[in-house]
Amino acid sequence: MKGLQTHHRAGRLSVLFACTLAALATCQNALAQMSARDILEQVEDSLRSTTDSAFNRIQLSSCQFGVRNNQITCAERARVKALESVGINFGPENRDTRSVTIVLEPPAEKGVGMLSITYDESDRDNETWLYLSALGTVKRIASGNSDDDTEPASIFGSEFTTEDQDTGKLDEYSLNILEETTEGGREVWKIEAIPNEERARKTRYARTVQYVDKERFVTLRADMYDQHDREIKRLLASRVEQINGVWVARSLTMMNLVSNRLSNMAILEINTGIDVPEDFLTQRTLTDVAFRETELQKLREQID
Amino acid sequence: MGRRAVILLCLLAFGTHARAQDLPDDVGFSLDGLGISDDLFAPEEDTTPDWLQPFTFRLSQQLFAQTNPHRVPVAGGGDREKNAYIENHRLSLLTRYQNPFAPGWLLQASAQIKLYWPGDYESRANGDRVDTEFRLNEFFVQRSEGDTSLKLGAQTVVWGENIGNSVLDVINTSEFRDLTIIDIEDARLNQWMLVRDRFYGNHQWSSFLNLYPEFNPPPVRGSPFFFEPAFNLTDYRRDKPLFEAGTQMRWSLTGSDISIMAAYLYENQLHYSAPPSGTGNALSEAGDYLLLGFSANRAIGRLLLNLDVAYSHDILVDVLLANGSDVGTVAVRKLGGTAGFEYAIDNEQNLMLGVTAETLLKEDEALEPGQQLLSDRSAGNALLRYSNSLRNGDLLLSVTMQSALDAASMLGSVALQYTLSNHFSLTTQAIATRADRDSALASLDHDLRLGMTLSWTF
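These protein sequences, in sequence, are chains A and B.
Numbered according to my numbering, the first sequence spans residues 1 to 304.
Numbered according to my numbering, the second sequence spans residues 305 to 762.
No lab work stands behind these hints: they were computed from the structure.
Computed from a predicted model, the values in this text were never measured in an experiment.
Idealized CB from N, CA, C, for every residue including glycine.
One should not assume that every hint holds.
Said to hold, decoys possible - Simulated pairs of lysine to aspartate or glutamate, EDC-like, Cα-Cα distance not exceeding 20 Å:
| id | chain 1 | residue 1 | chain 2 | residue 2 |
| --- | --- | --- | --- | --- |
| 1 | A | Lys110 | B | Glu349 |
| 2 | A | Lys298 | B | Asp451 |
| 3 | B | Lys418 | B | Asp482 |
| 4 | A | Lys202 | B | Glu449 |
| 5 | A | Lys202 | A | Asp120 |
| 6 | A | Lys298 | A | Asp279 |
| 7 | A | Lys298 | B | Glu449 |
| 8 | B | Lys418 | B | Asp490 |
Unchecked claim - Reference listing, derived: stretches of chain A covered by chain B, where coverage requires no fewer than 3 residues with Cβ under 8 Å from a Cβ of chain B:
| id | stretch |
| --- | --- |
| 9 | 71-78 |
| 10 | 108-116 |
| 11 | 155-162 |
| 12 | 235-247 |
| 13 | 282-290 |
Stated by the list, open to error - Pulled a few chain B residues facing chain A out of the computed Cβ check, cut under 10 Å:
| id | residue |
| --- | --- |
| 14 | Gly339 |
| 15 | Pro404 |
| 16 | Glu442 |
| 17 | Ala603 |
All chains, full assembly: derive it from the sequences and hints.
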């Protein structure tokens, strides 16, 4: 399996190298030869880069949705959470993540903090600690592992789940390019991902169709289907921008078509490639506010 | 008056529910061809002036009533009529302040101002006048440098893995005035301490020194826990310097956190006895003791196991003296434990159980001939909590059951918290209590409380 991954990575790098140097026609040929797996690996690499040595500010908005003037809109005032997060990737092939997230808004939850260690390894439990400011104590949360036979964990109570942001599971899917088309005016590959028997027991999605931007390797849209081939969720991406050479969608909207609720994840600030001290991503950061603010100030100075 | 208030409460509770259901259940359209505007989620501009940034305010109005007219037992036999009545009718402003004013420095404070409107038991005890109360909760300055942090001022130290009923959560005093609390700060009282933390990777060594230990305040006149004492219960007379000190070492391992701790403490609850003259102020006695503790948790998938163990050396127990009429105290040893679990049923539902049991060790050896314990040698309680978070957390249902292990008293609560907006929330709650005639909570037997709290946080 390692050999297979190396092969794919080498193939992807060659394609990028070719795209940089060769004529457009040659580049298009190389892209045309990319497999669905090559494409999604490159998409995942971009996703991982947004959490590696990263200092981000995120806004999560959730609401019941409806339609007005041919636009999807909130049928009520959206509930907004503003989060500040610092994370690094580590472990084999940099596929594990350690991050600290602090709630800035709403005022009722201000100061609540979470330390998460997410392991890519299937049988290893993720670790999560929550700091409850009203109780003044850190509490371990049993969060299960990435491959639990249970429902994926919701991200801060939103429609996004850990499964929606999961990477490194491509081996467990059958991947096919359905067609080359356009989405939002951009040329895209329409790629279908069907979980294998083992994965099917762990996912809520019997089939996913992704629309991947052919130039930027960003998923612009994803449709998730249940076992009755009924679309249950749809992801829409917008505000695609290049940050440190990587194209990133700064606004993601996940619509739950069963409950008619949506959540939007807006990356208000994204700073990657910063030097995060190892002792910052520990429980101390949750409880020791003087330490946390001093270290955050140092991170902000790196950005400035 | 009381009945009208209850009807109003019920209408408000059901009215809120109805409004929540008015939202469309089924949009019923195809998404294809529809767009979504990023402007919909554009962040609001923060217009808060810099000097207000460190503050958070929560303004809460609470209305609660005992709604079940019935008869309750009284001390000495017999019973009395208990009508429906308003118990809590109060406004609370909680202010939190957190300011990292210089690198490595933090000033943190929180305080409450309460207004007790006519009808509230605090107002009734004050001649039906509007009463006010101010309480400073936290007030400390913190200095962090290198691997060390020092905190000086009024603060809390929480030990133990089980939240809400741990045998190790005894450092701070507490005050449960009634069955409803607006903020957790209502119950846990801060103490003036120096706290030093040292951090080594996944280890934390935490120590505290308290040069002015406080004690649980006596029940507030008019509150549901109030009883008319035979003598005045006054503050502890400090005829010698008191201090408390303790230390805890905590390790975080893969899937588990482990702590060991030791402390020299004073019991939070004073022991009272009759004054020698037979009238006036009761004599109060503070018991100092040594606490040794151990706590651990273990995460297995979505299950979290919690264990707290406490050994208390030279803790005081009330005894009936050999003369058969006077009450005194005897120092004994006590072993206690809290075992519990938390299970995440799914993303929305959680189940939590904690069982606490404490027993005296070889108390017979400590008792002199003719002396009798005034309380059971073993006691305990169980706390069961279920919560269900719906609509991305906008609607939170929580069901709580708390009971003495011998089932002498029980409390059941159902609460529904609805987040009306980013700043407003409404909580409606029903609390039922049952207690045996010889229980300390006998006066709450067959009570049913209904109420609501509207909060504005900004």
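Task: Check of the stretch 235-247 of chain A against chain B for coverage (Cβ-Cβ below 8 Å, three residues minimum) - done: Check passed, 3 qualifying residues.
Task: Given pair status - Glu449 (chain B), Lys298 (chain A), alpha carbons within 20 Å - done: holds (14 Å)
Open item on the list: Does Asp451 (chain B) sit within 20 Å of Lys298 (chain A), going by the straight-line distance between their CA atoms?
Closed with: holds (17 Å)
Task: Agreement of Lys110 (chain A) and Glu349 (chain B) with the hint, judged by alpha carbon distance not exceeding 20 Å - done: Holds, because 17 Å separates the two Cα atoms, which is no more than 20 Å.
Open item on the list: A closest beta-carbon separation below 10 Å is what the hint needs, so does Glu442 (chain B) meet it against chain A?
Closed with: Where the cut-off is 10 Å and the nearest Cβ of chain A is about 8 Å from Glu442 (chain B), the hint holds.
Task: 20 Å Cα cutoff - pair Lys202 (chain A), Glu449 (chain B) - done: Cα-Cα ~45 Å, so violated.
- [ ] For the pair we were handed, Lys418 (chain B) and Asp482 (chain B), check the Cα-Cα distance against 20 Å.
- [x] holds (15 Å)
Task: Coverage of the stretch 155-162 of chain A by chain B (three or more Cβ within 8 Å) - done: This one holds; 4 residues, not fewer than the three required, reach chain B with a Cβ under 8 Å.
Task: Stated coverage of the stretch 108-116 of chain A by chain B [criterion: 3+ residues, CB within 8 Å] - done: With 3 residues in contact (Cβ-Cβ under 8 Å with chain B), the coverage given for the stretch 108-116 of chain A holds.
Open item on the list: With the threshold set at 20 Å, check whether the alpha-carbon distance from Lys418 (chain B) to Asp490 (chain B) stays at or below it.
Closed with: Roughly 11 Å separates the two Cα atoms, so the pair holds.
Task: Interface hint compliance - Gly339 (chain B) to chain A, C-beta minimum distance less than 10 Å - done: holds (6 Å)
- [ ] Please work out if Lys298 (chain A) and Asp279 (chain A) have their alpha carbons no farther apart than 20 Å.
- [x] The given pair, whose Cα atoms are some 13 Å apart, holds under the 20 Å limit.
The structure fails to meet hint 4 from the earlier list, while all remaining hints are met.
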